[in-house]
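K.L.:
Protein chains in written order, with our numbering: chain A, 1 to 199; chain B, 1 to 199.
Just to be clear, a hint being listed does not mean it is correct.
One copy or any two copies: either way a pair holds, since identical chains are not told apart in the list.
[Unchecked claim] Computed list of lysine-lysine pairs in DSS-like fashion (alpha-carbon distance at most 30 Å, straight line):
hint, residue 1, residue 2
1, K90, K24
2, K24, K167
3, K124, K24
4, K90, K80
Because the hints were derived from the structure by calculation, they are not lab data.
All of these numbers come straight from a predicted model, not from anything done at the bench.
Number of protein chains: 2
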Amino acid sequence: MQYFPAALQDLADQFGRLPGIGGKTAQRLAFHVLSLPLEDAQSFAEAILEAKRAVHTCPVCQNLTDREICPICEDDMRDKSQICVVAEPKDVIAMERSREFGGVYHVLHGVISPLNHVSQDDIKIRELLHRVAAGDVREVIMATNPDTEGEATAMYISRLLRPMEIKVTRLAYGMSVGSQLEYADEVTLSRALEGRQEI
Amino acid sequence: MQYFPAALQDLADQFGRLPGIGGKTAQRLAFHVLSLPLEDAQSFAEAILEAKRAVHTCPVCQNLTDREICPICEDDMRDKSQICVVAEPKDVIAMERSREFGGVYHVLHGVISPLNHVSQDDIKIRELLHRVAAGDVREVIMATNPDTEGEATAMYISRLLRPMEIKVTRLAYGMSVGSQLEYADEVTLSRALEGRQEI
Chain A
1 MQYFPAALQD LADQFGRLPG IGGKTAQRLA FHVLSLPLED AQSFAEAILE
51 AKRAVHTCPV CQNLTDREIC PICEDDMRDK SQICVVAEPK DVIAMERSRE
101 FGGVYHVLHG VISPLNHVSQ DDIKIRELLH RVAAGDVREV IMATNPDTEG
151 EATAMYISRL LRPMEIKVTR LAYGMSVGSQ LEYADEVTLS RALEGRQEI
Chain B
1 MQYFPAALQD LADQFGRLPG IGGKTAQRLA FHVLSLPLED AQSFAEAILE
51 AKRAVHTCPV CQNLTDREIC PICEDDMRDK SQICVVAEPK DVIAMERSRE
101 FGGVYHVLHG VISPLNHVSQ DDIKIRELLH RVAAGDVREV IMATNPDTEG
151 EATAMYISRL LRPMEIKVTR LAYGMSVGSQ LEYADEVTLS RALEGRQEI
């Protein structure tokens, strides 16, 4: 690699540090950036700096925003007494796509995961408790991922919320709409059976 | 997507324009950059600008370099009378890895490809002809990829070089070392048979 210009190698290394980008891909991306017109490369660099500069967490719900308070928290039409707790900003987008939920969110920015050295103090649980303690919250809907860590985090938070005497719920488990019984795993099926509803 | 901060969406769009990066991956990369410490994000942006600023083509061989003349062309130990013609800078690295070649290179920066609107004037053929015309070149080794476009480009260039009365050669076709006869395609096999050598 001694015949690779240092600046090109540096750029490839930067790409290689991104998640899911291997050595060959990083090299290809670096070559691509080099082949861009100067102004395109500049606006790429600028987009990185601008995202870091402009985007911060909403002081209310901890979601990412470039305004003082995020558009959802600022929206007078949203029911502030219903808080849906999600792990990541992208989960807010997934929920919003369903157009079902009229309340507000709380983004934890992670889940409790001892294996990855993420403890309860590393995610935004304290902020949630303050929000609930400040009053007027009727229901907290746990919407972390239905995997081990998401489950454990939801259980942990619901235990902390219990003394505050508000309703704490969890997204329903069951079959995906459009999926096939044949391919459903047994745990999902047994949860779907457990949660069966009258029709 | 209206609840995505604009600066974050911009950054995801920038990643999405890179080759082989789809929408979901671009979003994930943008989130990742946002989660980096400020100085890491800054050095990423800086690496892009620095690569564009420092890296240019060597005036002799057209390979990418951050020096005035690239290290290979500047190396007195390399045989300047033997020019190996490759399509891309990364092909120089592949050739160098073999540690077999003691001559110098010429990087075309592409191959002739009418389908992609790349004509003979869009790649560095003229520069190669000037180099050869300037004298002292004994042999030009065509090392474009052994595919249709690489072949056609090699044929085109060799025809231009014919009046100059120098040796023009092509990398040998044949079996990959360590490969299995069973899996070799028929074209490669017939080329390997054609080019068989006494042992």
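K.L.:
All the hints need checking, so say for each whether the structure fits it.
P.N.:
Here's how the hints hold up against the structure:
1. K90 / K24: Both ways: K90 and K24 sit 28 Å apart in one copy and 10 Å across, limit 30 Å.
2. K24 / K167: Neither, since 51 Å and 34 Å both go past 30 Å.
3. K124 / K24: between (37 Å within a copy, 25 Å between copies)
4. K90 / K80: within (20 Å within a copy, 56 Å between copies)
The structure fails hint 2 only (numbered hints given earlier).
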